[in-house]
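Read off the chains here:
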Amino acid sequence: MTDFTQSYDAPRRNYSQLVLRWLLFSLLGLFALFYLMPLFVMVTTSLKSLEEIRTGSLVALPREVTFDAWRTAWSETCTGVKCEGLKPYFWNSVLMTVPAVFIATLLGAVNGYVIAQWRFKGANLIFSLMLFGCFIPFQVVLLPMARSLGILGLAGSIPGLIFVHVIYGIGFTTLFFRNYYVTIPSELTKAAKVDGAGFFRIFWSIFLPLSLPIVVVTVIWQFTNIWNDFLFGVSFSQAGTQPVTVALNNIVNSTTGVKEYNVDMAAAIIAALPTLLVYVVAGKYFIRGLTAGSVKG
Amino acid sequence: MAPILDINNLYKNYGSVEILKDINVAIEPGDFLVLVGPSGCGKSTLLNCIAGLEPITGGTLSIGGKDMTHVSPKDRDIAMVFQSYALYPTMSVAKNITFGMKVRGVDAATQERKLNEVASQLQIEQLLHRRPGQLSGGQRQRVAMGRALVRDPKLFLFDEPLSNLDAKLRVEMRSEIKKLHQNLGATMVYVTHDQIEAMTLATKIVVLKGGVVQQIGTPAEIYNRPANLFVADFMGSPAMNLIPAKATKNGSGTQIEIARDGAAPLMLTDTHAENLPQDVILGLRPEDIAEAGFRAGEDVQVAECQIDMVEPAGADTFVVSELGGKQVTARLHAETGAESGKPLPLAFDLSKVSYFAPGTGERLN
Ligand SMILES: Nc1ncnc2c1ncn2[C@@H]1O[C@H](COP(=O)(O)OP(=O)(O)OP(=O)(O)O)[C@@H](O)[C@H]1O
Ligand SMILES: [Mg+2]
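Protein chains in written order, with numbering that gives the first Met the number 0: chain A, 0 to 296; chain B, 0 to 364.
Fair warning: there could be bad hints in the mix.
What the hints assert, rightly or not - The calculated EDC-like cross-link candidates involving lysine to aspartate or glutamate, where the alpha carbons are at most 20 angstroms apart (straight line), are:
#1 A:Lys192 <-> B:Glu159
#2 B:Lys325 <-> B:Glu273
#3 A:Lys192 <-> B:Asp76
#4 B:Lys208 <-> B:Glu220
#5 A:Lys120 <-> B:Glu53
#6 B:Lys153 <-> B:Asp66
#7 A:Lys192 <-> B:Glu220
Claimed, not checked - Incomplete in silico selection of chain A near chain B, CB under 7 angstroms:
#8 Arg53
#9 Ala190
#10 Ala196
#11 Pro208
#12 Leu209
#13 Pro212
What the hints assert, rightly or not - Okay, the calculated beta carbon distance ranges per label pair:
#14 B:Ala1 <-> A:Arg118: 33 to 41 angstroms
#15 A:Val97 <-> B:Tyr10: 46 to 54 angstroms
#16 A:Trp117 <-> B:Gly184: 53 to 61 angstroms
#17 B:Ser15 <-> A:Asn248: 33 to 41 angstroms
#18 A:Gln16 <-> B:Ala238: 54 to 62 angstroms
#19 B:Ala238 <-> A:Asn123: 38 to 46 angstroms
#20 B:Tyr10 <-> A:Gly197: 24 to 32 angstroms
#21 B:Gly136 <-> A:Trp21: 40 to 48 angstroms
#22 B:Gly136 <-> A:Asn178: 25 to 33 angstroms
#23 A:Pro208 <-> B:Glu286: 50 to 58 angstroms
#24 A:Arg118 <-> B:Ile195: 52 to 60 angstroms
#25 B:Ser15 <-> A:Gly155: 35 to 43 angstroms
Derived from the structure by calculation, the hints contain no laboratory data. Think of the CB as a built atom: it goes at the ideal place given N, C-alpha and C, for glycine as much as any other residue.
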């Protein structure tokens, strides 16, 4: 959008501005390269054979492209005692992340809707407490959470992990939705009340359809956090329910004999792919959602 | 006839702040009640209380003879048009209009029929599949009206429905709403801070200030016999002239003396006024001060006044003269020979005069 306006008055721009612009672009390009370098090394290394890694340079392109390391990482490599690759753990992560993201987003939406549009006594206090929850470091809750999960009979299970992530996510999701919904005029709720709609009807028919941008933001945020989480994953899982991040750690650390760098790299990329995918698919809504509300009151 | 809306001793507080104080209003079926007052006086709050969107702190409220004090909005049999229109942004115009019926479980055929009725009545047939975002302000306003009309409620509530429109459209919609009211015979409560809208639409006006009712009456009563200085000043454009004067009893009538800067005081004799205190504020609308010879009647009195300013306004010419330290406006016919800086005999129609107490501002006659 802004590009149009900029190219429009381009003829009027003088030389020094042009130089400045190119400097800026070069600098940004440099930063991009800096960030892309590790990814480049990871991808190339994962496509090399162990032989080539040992003899070749770190940044060289593979002489012979092979997907053996990927296959090994996915279904053969050893995580501790078992040797079935990342696959089962990857599915553990999916089974944990998808419901946790869904539930936390839905609860956040309802919470945000109540706090922003159905002002009640103590609403601000509750909201502040939830905000406070966002800033509690993970480490602090480890012991009490372990105890609670034990009492609930969820210790070491995937539902237990879902529970932990939902609890931890609600603060953020509520914040997102509340900030989005306060920008929606309260007259909308009033009009719907006069039309005869109740609490959930208004939420469902009027607020949810308006929420796509903020849903996308929340989903990306939650998905990234939960998928990439290691601490909760390693603390509250047991053999068989570990998420992919924990398995990845085990692969890299359980080196018996030769260190298989290509397999490690392939495994790391596999573990990172879903979050990457989510960004690529929903990224443009992410930017839009983050700035929504600030543009139009 | 039983009043369709009956408000008794209504109080509304936000926290410890009293927003509405002891409101008592009753209207009959078919009435067009206008709530008018300056910004922040509590008009929207009162309307929200009537709709049940805000709980009231004290008093009672009944609609259609039933006590509605604690009834939720959806069961009050009302429809409301909001200042911002509050159209559902993700729904088409048709869906916006039928949403209420859908929620209430009206069958699809009836929905369709009513939608078409209202759409043709408001001439929005060609807009039905559009989203509110794709409509102009005037069109949105019509859709908001449509959403209310389709309901056929006991009571219509309008919160400044025209305030977001440009001047021309506002006048158009104003007469359309008036027509609508006459055709439907519906009962309406209408909030505005535009006193012209109030005068043209209302069968009954409530003037509010700071959450207190100043006066309730027909437009004519409010206009001709304002209950206090606030109402006198608020209603009418240009505003009523409010001139400090001295009253002295004089045989059968009262002698009114208005001081003038650098000239003999202006003396008028009111034969009807009785029991006035010595200091009064005399209120006379611009149209009740005419050029001598253009107004006849036994209470018309002529006096020479120095004209300070002449403002032709097309159909009329306004002239300003300083009386009692105030800029007093008179409304003369367009072809007047009045010249600024020259004296002109003006006719004061004392049959229309109002007197107010300077301290309390209350009406005296
Ligand atoms: N939710 C609220 N909490 C506290 N005070 C409020 C609230 N809503 C309104 N008020 C106050 O109540 C008073 C009346 O507000 P209201 O909206 O009824 O005014 P109004 O007459 O409709 O004004 P306008 O012509 O500007 O719309 C104002 O002083 C306002 O600040
Ligand atoms: Mg208002």
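Structure-based check of all given hints:
no. : hint                                      : result
1   : A:Lys192 <-> B:Glu159                     : holds (19 angstroms)
2   : B:Lys325 <-> B:Glu273                     : violated (25 angstroms)
3   : A:Lys192 <-> B:Asp76                      : holds (12 angstroms)
4   : B:Lys208 <-> B:Glu220                     : holds (18 angstroms)
5   : A:Lys120 <-> B:Glu53                      : holds (14 angstroms)
6   : B:Lys153 <-> B:Asp66                      : holds (14 angstroms)
7   : A:Lys192 <-> B:Glu220                     : violated (36 angstroms)
8   : Arg53                                     : violated (60 angstroms)
9   : Ala190                                    : holds (4 angstroms)
10  : Ala196                                    : holds (5 angstroms)
11  : Pro208                                    : holds (4 angstroms)
12  : Leu209                                    : holds (6 angstroms)
13  : Pro212                                    : violated (12 angstroms)
14  : B:Ala1 <-> A:Arg118: 33 to 41 angstroms   : holds (35 angstroms)
15  : A:Val97 <-> B:Tyr10: 46 to 54 angstroms   : holds (53 angstroms)
16  : A:Trp117 <-> B:Gly184: 53 to 61 angstroms : violated (37 angstroms)
17  : B:Ser15 <-> A:Asn248: 33 to 41 angstroms  : violated (59 angstroms)
18  : A:Gln16 <-> B:Ala238: 54 to 62 angstroms  : holds (57 angstroms)
19  : B:Ala238 <-> A:Asn123: 38 to 46 angstroms : holds (44 angstroms)
20  : B:Tyr10 <-> A:Gly197: 24 to 32 angstroms  : holds (28 angstroms)
21  : B:Gly136 <-> A:Trp21: 40 to 48 angstroms  : holds (46 angstroms)
22  : B:Gly136 <-> A:Asn178: 25 to 33 angstroms : holds (28 angstroms)
23  : A:Pro208 <-> B:Glu286: 50 to 58 angstroms : holds (54 angstroms)
24  : A:Arg118 <-> B:Ile195: 52 to 60 angstroms : violated (36 angstroms)
25  : B:Ser15 <-> A:Gly155: 35 to 43 angstroms  : violated (54 angstroms)
Hint violations for this structure: numbers 2, 7, 8, 13, 16, 17, 24 and 25, all remaining hints satisfied.
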